[in-house]
Amino acid sequence: MKRSIFSLMLLATMCAGPASAQNSSATIIQNATVLTITHGTIEHGSILIQNGKIAAVGADLKVPEGATVIDASGQFVMPGIIDCHSHIAVDGSVNEGAPAVSSMVNIGDVLNPEDVNIYRDLAGGVTAANILHGSANPIGGQTIVIKLRWGKPANELPFEGAPPGIKFALGENPKHSNFGPPPGVAPRYPATRMGVEEVIRQAFTEAREYKKHWDDYNQRKAAGEQPLMPPRRDEKLEPLVEVLEGKRYVHAHCYRADEILMLLGVAKEFGFKVRTFQHVLEGYKIAGEIAASGAGASTFSDWWAYKMEAYDAIPYNAALMAERGVIVSVNSDSAEEARHLNQEAAKSIKFGGLSPNDALKLITLNPAIQLGIENRAGSIDVGKDADLVIYNHDPLSVYAVVQKTLIDGQVYFDRQRDLARRSELEKEKQALLEKEKKAAEAEKKPEEKPAKKPEPKKKPPKTMGEGDGSRDAAGAQ
Amino acid sequence: MTIRWTRLHICLALIAVCAFLLLGWACRIYAQGGEPRYFAITNARIVPVSGPPIESGTVVIAKGLIQAVGSNVAIPPEAWVIDGKGLTVYPGFIDAGTDLGLAKPEGTDEAAARARGRQPAAPPPPAEISIGREDRPATTPWRVAADEIKIDDKRIESWRNAGFTTTLTSPDTGFFPGQGSVIDLAGDRSGEMVVKPAATLPISFKPRASFFLFPGSLMGSIAYVRQVFDDASWYSEAQPVYDANPSKFERPAYDRTQETIHHTRERDELVLLPANTSIQILRALRLADEWKIRAALLGGQEGYALAEAIAAKKTPVLVNLKWPERAKDSDPEQEQPLRELRFRDRAPSTPAALAKAGVKFGFYSGGLEEPKEIFKSMRKAIDAGLAPDAALRAFTLDAADILGVSGRLGSIQPGKIANLVIADGDLWNEKTKVRHVFVDGRWFEVHEPPPEEKPEEKKPERTAGSGSGIGGGGL
Amino acid sequence: MTLAPRSGARNTIWAVVALSVFSGLRVPPLRAQTTPGVYAITNAKIYTLAGPPIEKGIVIIRDGKIAAVGTNVEIPEGARIVQAAGMELYPGLFDPVTQIGLTEIGAVSATNDTNELGKFNPEIVAATAVNPASAHIGVTRASGITHVVSVPGIASFDSQSGGIIPGQASAFHLLGWTMDEMQIRRSIALTLNWPSIQTRTFDFSIFDFKEKPYADAKKEYEQSVNELGDLLDRARHYAQAKEKGSPASYERDLKLEALVPVVEGKLPVLVVAAKARDIRNAVEFCTKQGLKMILADGAEAWKVEELLKEKAIPVILGPSEQLPDEDDDPYDKPMTLPAELNAAGIPIAFSSFGTSFSRRLSQYAGTAVAFGLPHDEALKAITVNAAKMLGLGDQFGTIEAGKVANLLLTDGDPLEIRTQVRLLFINGQQTSTDNRHLDLYGEYRKRPAAPQQ
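Protein chains in written order, with our numbering: chain A, 15 to 491; chain B, 949 to 1423; chain C, 758 to 1210.
If we strip away everything but chain A, and leave its shape as in the complex, we get (with noise of 0.2 angstroms):
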């Protein structure tokens, strides 16, 4: 009996043996162009991750027994691009438009992790993206940070440790100036930027006194007092708190200047920090005022013309404010802008003479340091997360192609083991598709036998790509 065990054990540790080599994830990239962002760039580096962490960087790594190789000669290493501004992975609808204020909304309650567009963006390079709110509202929903890990279920999409965030919208979004209610339903409030301005400080006033109110209850309650009527919890007025105590990032979707600046003036007012301006297409009008209030700068590359306030949008924003000392991020609020944000980044080279690496941290350690993830992600440090992505040519390049993208330093994107799962794909799916037709004609009655026959298919698609998903609604920019 004892042998028998004995040998169990020992063939349990024997599995195990080459498993936790492989268990102990370790991977090694190798011969790559490294771009740290933070300490200049490695050419013929290698990074080694162990755990999901980058373990070590350097030219001349040593490959531990049993690590996962990936060889990357010839191509470029770079963090993994963090979009700022993103609305993929959305069940349903992204506003909540009809109430002036919904902050008691959350886009974590709605998280969709078989949305194609995050495989699209993954494809892209996007390791992480700030999942936002529309912008139908002064004061908008809840938001969060996500990783994009395809094939994970929603509660493991969430950044963790990432700071939770609102969505404050001002402009023409919010005050519904281009679009308005169907005949029977009333307009709302605000119309103009006097009102969204009127019910942010509204808002905040009631946020202060709901605080209060509590502060007061729990004081007393601690003292013993009885009887004591509790206050009721609201949704909507609790986000708010948190954003008067800093535990809540504000991100404000803003395009002209004097908005920005009154928002800043509230923001004074009531005590809060705006943690970044978004889209803020005119930011470059108050650089000074944005650094120094020291909120952050999300911005598009080269967007302007579509909205009255975006007509004095200039492709040269980011590298003015970038000059004048704002932490400035390019972001893509558009599923397809974010799988080219390496290219929209490079603009800022041509557009306003950033060098290189400057524009490069527009998209990977700036917007880390907006969304209060640095410490995680953003750079090729030791220590931080193995969130990278590979190119087959440098990143600004135009010719860049993702070849893999790795979070946590697992492979979630790569381009060889797409392209070959294709035919695969296609196969399962015309399988089902074949089976559904014959169930379909098993079912009707022999004289009911349809008479056209199917339509047919001029030519198979070659390629198929991994298709989940849901799809969004519009959402307002």
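These aren't lab readings, by the way, just hints derived from the structure by calculation. Hints are not guaranteed to be accurate.
Stated by the list, open to error - In the BS3-like style, the derived pairs of lysine-lysine whose C-alpha atoms are separated by at most 30 angstroms in a straight line are: (1) C:975 <-> B:1276; (2) C:1203 <-> A:287; (3) B:1154 <-> A:166; (4) C:1012 <-> A:451; (5) C:967 <-> A:443; (6) A:226 <-> A:166; (7) A:458 <-> B:1270; (8) A:451 <-> C:1060; (9) C:1203 <-> A:282; (10) B:1276 <-> A:449; (11) C:975 <-> B:1270; (12) A:458 <-> B:1102; (13) C:976 <-> B:1276; (14) A:449 <-> B:1328; (15) A:449 <-> B:1144; (16) B:1154 <-> A:452; (17) C:967 <-> A:451; (18) C:1060 <-> C:1203; (19) B:1102 <-> B:1154; (20) C:969 <-> B:1270; (21) B:1154 <-> B:1144; (22) A:441 <-> B:1328; (23) C:976 <-> A:458; (24) B:1324 <-> B:1033; (25) A:225 <-> B:1240; (26) B:1379 <-> A:449; (27) A:449 <-> B:1324.
Said to hold, decoys possible - Sample of chain B residues with no beta-carbon within 10 angstroms of chain A, all distances over it, derived: (28) 1101; (29) 1164; (30) 1168; (31) 1213.
Because the structure is a prediction, the values reported are computed rather than measured. Beta carbons: idealized from backbone N, C-alpha and C, even for Gly.
Fit chains B and C to the known structure of chain A by using the hints.
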């Protein structure tokens, strides 16, 4: 002229009185209206579900309840005997999610949007935008289906003829449409049908039909429901404080919703959360934890993908038998995403997966229009791996258990309500026909409709819908 | 900090040019430009796109045209010499499907002249409504695009799709005080938005999607196609009446008149269609009707390659940077599509389909190269290919003597993001890259650095 009461006369009178009494007593054997109330089904195969099948046995019914079950059971002399040779007796089936007996709702924006063709008929009516907790769009949790049952719903009969003796009937419009009631499908008055008036509290997250109405998004709906639970919790704490000290505090506003939810939570009423796809299922499990509610998953069709996760939370599932399929009027050249194809292919295997993982589940018809489609769906599930016994159990005892009525329904055991289905073969066989149905001990004989005529009603003494007895009316 | 071997040299050149630009050696701004004269661009690497590149070549421009190209070319007396050592010369880029000049700000309807009311408007012409003072002209030009075709009524970032025939497209230079000065060809193509079977449409009145049964949608589609066919038939009858009959025997009809060159196969039709079924149906229709079809958009052209090849239909693609239409489509389908079509021998060109993103034209081309399109094919796809498709091939698209002098001088590969446009020639005039964005940049750079409290 006087009548001399001779001895003969007295005897005749006595006999007459006795006969009258006897007749009267005999009448009392029948139900109100004179139906028989004692039955014995003999020589039948009996599948009690709570125990192993009895190959040849007898079930005795007395006054609406099962009195005895077994292979060697005494048959009371007053019992109406039904020869069950070649027949099988099952517990009556339970459809755990219908709107049988309820009128279609009018005048809500959801109703308008639900019109066939999925097109809203007209722009939504002017609505107030919710600005605070006292606005309660589409929220009527105090409605109880039992109060609104209309006995003339034709579906009651057609469900019953197929072997369904019990359904969970719920209002279905709005975020808190109201409470579902467990009803038996027979009765002269709607009150007689009700087994459990407030059995479930269904919740919907379907946003309102327009961007301009709150909540107009899924996340808005969830936030709204969350706030309702917060308000109910507040009420539980605050109302007693006020009641004990009305002179010290401002009177809290009356809010029927928070009061109702408070009571449903006190009763630990089962909450039904919408949960059909895997994303919805995981979300529902998480929200049930957060809101500390006892919940069942409604829909469950992608349960095949996460049966273990559901089992880990010990959450029961009511599986929608309307399996996903390609829309009938869809564009034939429309691309069918692989994800959809996989879902449509694998959904019928969900019950088998749930059974394997040890999840308790029942079924509901979910929009299927006819009972025969329910059985067709069930056969798909069985073909996909669900054991026939497990299927039967889900239709009977487990469904009763989930709905909190398994002490009284769901199996053939003495003391339980006499809801039985008697069929001429194995339940899951397409060719099997239901011959008799007992609902609350009332007997309904099911005749096969002749091809050219409308389905024949029962014998006049035991008419269907009204369930009235001999003489066509109550005594 | 260098990331690639070449960038060091590039940085130096940029610095030198920047210095020269900012030290006052500016090219004359638009408003104060000189009259067209004689220029000699010397020492540039010339990518003629009509042969191998010419190292240290010379191009002579005279009277709006390219007078000579080569290494041993005589520089005429009095020519203004542009020293272009270290730079590269290309034909000016051509965006063949835009809405430049037709819309200024998408959300402000008063600035939009893209969509006229009605299903069939063959007689209206884009050139009528193009605003020569649009800020988009200067902005777009600064990225190397020298001439465009503005197309009414197409769906784009800034506008919705218009009627079935929203009007005629017009080709013009991105330089000139008035349309008369800018115009290349007033009517270069008829626009046809192929009607699609729409089961799902976005209804702005309820701000949500509406669904329709397929059978209904199909009926509507068939009705539209029949109406279209009828209209073309009437145009044929009109043409016949006009040709054979006397002017008194028919009433002048502007709509039908506009369609005469179309039904005669002389004026090409820019058919906008993306889905495979729509492309197939459009090709069938145009073949039957004898129309000269150019496919615009063509997102699912990969599903109907054989057909396009067989009928010799050229394709003007929309942006290579768009999302695949279907969830299951390969993630890189729009990026690989140009290479696929090119490999199949189908003529392709790139376009922006928009206004504010027109300056991304070379970026779209560059991305197509990243995903397999040969570099020189990509260059042709933003210069000469579309010109050929639209009947401008003898005037535009290559650097050859006799062609219009629309040229682009860069400090490097025009497809690369970082490449700067150093000089432009449009219609033989040296043109500055000044534009609204550069102006605003300059203005706000001048704002004192210290923020006011």
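Against which earlier hints does the structure fall short, listed by number upward? 4, 6, 15, 16, 18, 29 and 30
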